[in-house]
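> Work out the full structure, taking the sequences as your base and the hints as a guide.
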Amino acid sequence: MAELTTLLQNALDAAKREDLDTVESKTRQALVAVLHLKLQNNNIVTAQRNMAAMAWADGLIRIFPTEPEGYRWKADIFYEQQRYERAAELYHTYLTLAKADDSTQQVHARLRAIEQHFAAENQKRLLCHLPTELLLRIFELAPSARFVCMSVCWTLRQRLKAIPELWESLTLDFRSVPHLKVAHLNHSDDSVREYVKYLCLKTNTDACLELQALSQVNYSHLQRFNFIDSKAFRAGEELTMRLSDISFLGASLREFIMQSNAMPQDGFLHALLSLCPNLTYIAYQPNDYGTPLGSLNLLNENDTAGDEGQRRLERTAVQYLEWPTPDAINEIVKHPSTIFPELQCLSILFNRLLGVSGPDMDDMFRRILHGSARSLRDLILGSYDHRAAQTISTIQRHGAQGARSQQEQNGLRKLIFGHMWHVPNELIIRDIILCSKDTLEHLQLCAAVSPPALEPGSRPLSLPRLRFFCVVGIVPELFQRLPTFLQRCPALRMVQFDRITLTVEDLAALAQLPALHTVTFRYCRDDRETEENPLVRFAHEAALLGGSCPLRRIAIEDWGDLQDVLFVPEALVALGQLGTLEEISLLYAYGAEARFLQAWQAFINQATVSGLSRRLQRLETDANNGTRGTLQQAFPGAEVTTALDIDYHDRAWRP
Numbered sequence: 015m016a017e018l019t020t021l022l023q024n025a026l027d028a029a030k031r032e033d034l035d036t037v038e039s040k041t042r043q044a045l046v047a048v049l050h051l052k053l054q055n056n057n058i059v060t061a062q063r064n065m066a067a068m069a070w071a072d073g074l075i076r077i078f079p080t081e082p083e084g085y086r087w088k089a090d091i092f093y094e095q096q097r098y099e100r101a102a103e104l105y106h107t108y109l110t111l112a113k114a115d116d117s118t119q120q121v122h123a124r125l126r127a128i129e130q131h132f133a134a135e136n137q138k139r140l141l142c143h144l145p146t147e148l149l150l151r152i153f154e155l156a157p158s159a160r161f162v163c164m165s166v167c168w169t170l171r172q173r174l175k176a177i178p179e180l181w182e183s184l185t186l187d188f189r190s191v192p193h194l195k196v197a198h199l200n201h202s203d204d205s206v207r208e209y210v211k212y213l214c215l216k217t218n219t220d221a222c223l224e225l226q227a228l229s230q231v232n233y234s235h236l237q238r239f240n241f242i243d244s245k246a247f248r249a250g251e252e253l254t255m256r257l258s259d260i261s262f263l264g265a266s267l268r269e270f271i272m273q274s275n276a277m278p279q280d281g282f283l284h285a286l287l288s289l290c291p292n293l294t295y296i297a298y299q300p301n302d303y304g305t306p307l308g309s310l311n312l313l314n315e316n317d318t319a320g321d322e323g324q325r326r327l328e329r330t331a332v333q334y335l336e337w338p339t340p341d342a343i344n345e346i347v348k349h350p351s352t353i354f355p356e357l358q359c360l361s362i363l364f365n366r367l368l369g370v371s372g373p374d375m376d377d378m379f380r381r382i383l384h385g386s387a388r389s390l391r392d393l394i395l396g397s398y399d400h401r402a403a404q405t406i407s408t409i410q411r412h413g414a415q416g417a418r419s420q421q422e423q424n425g426l427r428k429l430i431f432g433h434m435w436h437v438p439n440e441l442i443i444r445d446i447i448l449c450s451k452d453t454l455e456h457l458q459l460c461a462a463v464s465p466p467a468l469e470p471g472s473r474p475l476s477l478p479r480l481r482f483f484c485v486v487g488i489v490p491e492l493f494q495r496l497p498t499f500l501q502r503c504p505a506l507r508m509v510q511f512d513r514i515t516l517t518v519e520d521l522a523a524l525a526q527l528p529a530l531h532t533v534t535f536r537y538c539r540d541d542r543e544t545e546e547n548p549l550v551r552f553a554h555e556a557a558l559l560g561g562s563c564p565l566r567r568i569a570i571e572d573w574g575d576l577q578d579v580l581f582v583p584e585a586l587v588a589l590g591q592l593g594t595l596e597e598i599s600l601l602y603a604y605g606a607e608a609r610f611l612q613a614w615q616a617f618i619n620q621a622t623v624s625g626l627s628r629r630l631q632r633l634e635t636d637a638n639n640g641t642r643g644t645l646q647q648a649f650p651g652a653e654v655t656t657a658l659d660i661d662y663h664d665r666a667w668r669p
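To convert a position in the sequence shown, counted from 1, into this note's numbering, add 14.
These are computed hints drawn from the structure, not numbers from a lab.
Be careful, since some hints might not be right.
The calculated label-pair distances, taken between Cβ atoms and stated as ranges, are [claimed, not checked]:
#, residue 1, residue 2, range
1, His143, Asn218, 31 to 39 Å
2, His235, Asp187, 19 to 27 Å
3, Ala505, Glu596, 14 to 22 Å
4, Asn218, Ser562, 48 to 56 Å
5, Leu18, Ile128, 20 to 28 Å
6, Leu148, Ala616, 48 to 56 Å
7, Glu182, Glu83, 52 to 60 Å
8, His143, Gln273, 37 to 45 Å
9, Ala133, Ala265, 23 to 31 Å
10, Asp35, Asp72, 49 to 57 Å
11, Asn619, Ala331, 53 to 61 Å
C-beta atoms are modelled at their ideal positions from N, C-alpha and C, and glycine is treated no differently.
Structure representation (structure tokens):
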């Protein structure tokens, strides 16, 4: 206040002397001092600081409209308030009035920051106004990004929350986005969580820890749950899937898919069915072949997992059941028509070292034979041994199927045997095949399963609906002569022979199948009864059909350096005659590249004449990589894959 009094007194003294310049200067300084005193007084109250600062800036602009300082003050206030458009205008006014010796570096930095902010806001605004279909496509490619976008701004958050389809199917991959946690889903709005019907989680850490995080929130509205834990099994490490880990699931669940090396706790399946009585699809799949899954009591009525675990099971709606150990056989055969009356597919891919006893296996087959499990269509018994895994089809989720109609015949649709420790009674297996001869569409038998021949005087076996046929090691006596059997299966589309000795007559009959689409030969042998190679005869017979030949794909795996192999250079040349092929896979050249060099050129010449060079879409071979350019030039429309691109890790052991 004393400073203000002094300035005013100096102004009065100058007025008496008629010194107008001094009067103006002292008066301006006095006014600035008044504004400063008002600012100090208002700063005592926190809520009034912005108001006081704004009054200070406005006062400076009114008193000194041509000076830059007031505009700088006011622009700073708007900038701190995030009112960037007004701040940018005042900063530009300041730069216009600034003197040459004024420092403008900070002002320019703030203007650049404002421009970046406007650019980001424009991107957000663009994202908010994208069509729903385009947004769905974007987040389909980057599923985890939807959580990042939810935190960008309120407008975008509301926009994403208003799209139920965006949250119905949710896949979170914690392996590719390490910082993403289940907590992201738990902390989302309740309205978003209620939209989620299909939840898929992928992790390579401890699956149980991730599931425990989910159990803190209710997801009883889920209809499908898929958990993929790629953590490898380590010897001496015990991972247990506890009943409490799935407590977040509810009665709405229809499909449960678990891929993990964690061993289910006793009573796990029983508790799952009690918790989710409307389940139709259950698949528990270990990741590693060697996972030591022990004996599981799947239907343990004395389980101590609370009231739900102790409740006795009644009818369930389960149509598909895949379990890693054979205990499911022991339990299911006891109550096939009470607990699982609608079971259509039973898949037990147990480790070959953990076999099931012969009597239990026979009992299961007798129940199937006598109609106790009338709804069962697919029976898959396989092994996690890596060589046996190559002989069985990959089991994939199929769509929900209705119950078997009264007009539909009883019998299996699919029967697959992988490697087992205890082979069932082969007479019962034969009877099962005979009872299902009018319904069987997929038949796959490993070397250990060889149903005996029919009784003398019986009619030869005919499977009119069979579409896929695979045998390994030996052709069972049940099929008698292979050419006759093939002729009695007119619907065959896919045939796979694995380590079978084949004759010219066998493959001549194979080529005559009217619906044959795909044929695979894996390490088969030539019987050497005639000089003609069976595969050459097969190619000639198929080529005679011309454009009516149904064959579209052929795959051959062989060891080219053995004397009695099926695939020889003459066979490669003969394949060039098949102008209807669309895919060819030839993995043969381990130690035999030199034998096939000239055959490749002859194959290309034949393909040009037959039209194969124009029709072929994919060619895979482990021939020398030097042939890549030649093959690409000869088959311009095909995807050519040579040895450089092929992974030999899964090749079978050399016989």
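> Against this structure, judge whether each hint is valid.
Hints, verified against the model:
1. His143 x Asn218: 31 to 39 Å: holds, 38 Å
2. His235 x Asp187: 19 to 27 Å: Holds: the Cβ-Cβ distance is about 22 Å, inside 19 to 27 Å.
3. Ala505 x Glu596: 14 to 22 Å: Roughly 21 Å apart at Cβ, these two residues keep to the hinted range, so it holds.
4. Asn218 x Ser562: 48 to 56 Å: Between asparagine 218 and serine 562, where Cβ atoms are some 51 Å apart, the hint holds.
5. Leu18 x Ile128: 20 to 28 Å: Roughly 37 Å apart at Cβ, these two residues miss the hinted range, so it is violated.
6. Leu148 x Ala616: 48 to 56 Å: holds, 52 Å
7. Glu182 x Glu83: 52 to 60 Å: holds, 58 Å
8. His143 x Gln273: 37 to 45 Å: holds, 39 Å
9. Ala133 x Ala265: 23 to 31 Å: violated, 49 Å
10. Asp35 x Asp72: 49 to 57 Å: violated, 26 Å
11. Asn619 x Ala331: 53 to 61 Å: holds, 60 Å
Going through the hint list in order, the structure does not satisfy hints 5, 9, 10.
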